[in-house]
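**Q** Since chain Z is already given, all that's left is putting chain G on it; use the hints.
Protein chains: 2
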Amino acid sequence: MKLYDFTLAPNPRRVRMFLAEKGIPLPETVQVNTREKEQFADWFLAINPRGTVPVLELDDGTRLTESIAICRYFEELHPEPSLMGRTPREKAVIEQWSRRMEIEGMGPVGDALRNAAPLFDDRAIAGYASGMPQIPALAERGRRCFDDLLVKLDARLAESRFIAGDDFSLADIVALIAIDTAKRVDLVVPEALVHVRRWVDEMNARPSARA
Amino acid sequence: MKLYDFTLAPNPRRVRMFLAEKGIPLPETVQVNTREKEQFADWFLAINPRGTVPVLELDDGTRLTESIAICRYFEELHPEPSLMGRTPREKAVIEQWSRRMEIEGMGPVGDALRNAAPLFDDRAIAGYASGMPQIPALAERGRRCFDDLLVKLDARLAESRFIAGDDFSLADIVALIAIDTAKRVDLVVPEALVHVRRWVDEMNARPSARA
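Taken in order, these protein sequences are the chains called Z and G. Its first residue numbered 1, the first sequence is counted upward by one per residue in the numbering used here. Its first residue numbered 1, the second sequence is counted upward by one per residue in the numbering used here.
Bound conformation, chain Z alone (with noise of 0.2 Å):
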């Protein structure tokens, strides 16, 4: 087994902290420094043509992309702790609650970060070497986007220890990526938000934070 990992980069982070989590060692890495974009040299291309980080590679020679798939595919084979869910409600609302994350979290952070930060010029969208240029106002718009969701975030954990209930899940880790990730268009979370503060600090102290 084999993980196509970039340390910098937030998806495959997911997957670290995940295997933290769980307690499984991470499986041999391979870094692919997304920052020199070498997620497009042809090497890599061959792994994943969609040109994206973290890639497992099985034994069997099965590549699976897509941090959350690969999550699914550890929770499977080790269920315990249980990050993902149980029963057929619990998987269900950590689902709900990990996919509202990336949607409403990730997904606008990621708008803000690629449509106007260099690094991601004429590349806005993952997956395209070149060619798709920025959107401002797209920017703009990921940054109230991820600001609403803030305040929602907040009345959420106002009731709530974790995200989706009362135990860690797939969901914290989550949106724990997108608050760090957002940092780097300077988007922080207000000091008025006292429940998210509160859930970020006991986020970091966890060992798993620094996978």
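Worth double-checking, as some hints may not be accurate.
Pairs involving identical chains hold if they fit within one copy or between any two copies, as the list cannot separate such chains.
[To be verified] The list that follows gives simulated cross-link-like pairs (lysine-lysine, BS3-like), each with its CA atoms no further than 30 Å apart: (1) Lys22 x Lys152; (2) Lys152 x Lys37; (3) Lys2 x Lys37; (4) Lys91 x Lys22.
Don't read these hints as lab results, they were simulated from the structure. From a predicted model like this one, the values you see are computed outputs, not experimental measurements.
**A** Same frame as chain Z, now just chain G:
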């Protein structure tokens, strides 16, 4: 159990098609007319503050939002026929393809539709009743990315009967509904993409396509 549904909206259709494929009778449904902005009526915001359909209300009062999370709930309750995989590897492969059909398919279609159609004027993002202006450049970008996805999908369907492999799965549902939704902004599958066309014909021949 109760399903808040709208016959003309794409995301509830995912759930209805999923249930039809599994042979599970549709629960009691409540129509929420999103063409008339009924999802923002006080009565429905009390059900789902996010202002989106579908919502599945369980008998214990739990309300599940997010169409894919609702599908997960039914998959776990009624594993056969499997639409999300049986083994860890199958589950991960289907999740990967389902997500790609969302991120590269339904995402761009949504951008193209919501940033151009008069119906979504001033509410270009799901869950916002107003104050979210359309971005014409994003509609254009969505059209281009969707066209690119169709070309990639044609290559995939040249070598695979269904999107995730030899069996029909959730990934086919997500892709078919993206392709049908695209027609609303005159994005159609080019005749040259014979493998996508073969697959669309097969999909439309399934009784579930009319669910």
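**Q** Would you mind marking each hint as holding or not holding in the structure?
**A** Structure-based check of each hint:
no.	hint	result
1	Lys22 x Lys152	within (29 Å within a copy, 35 Å between copies)
2	Lys152 x Lys37	between (35 Å within a copy, 21 Å between copies)
3	Lys2 x Lys37	within (20 Å within a copy, 48 Å between copies)
4	Lys91 x Lys22	both (17 Å within a copy, 19 Å between copies)
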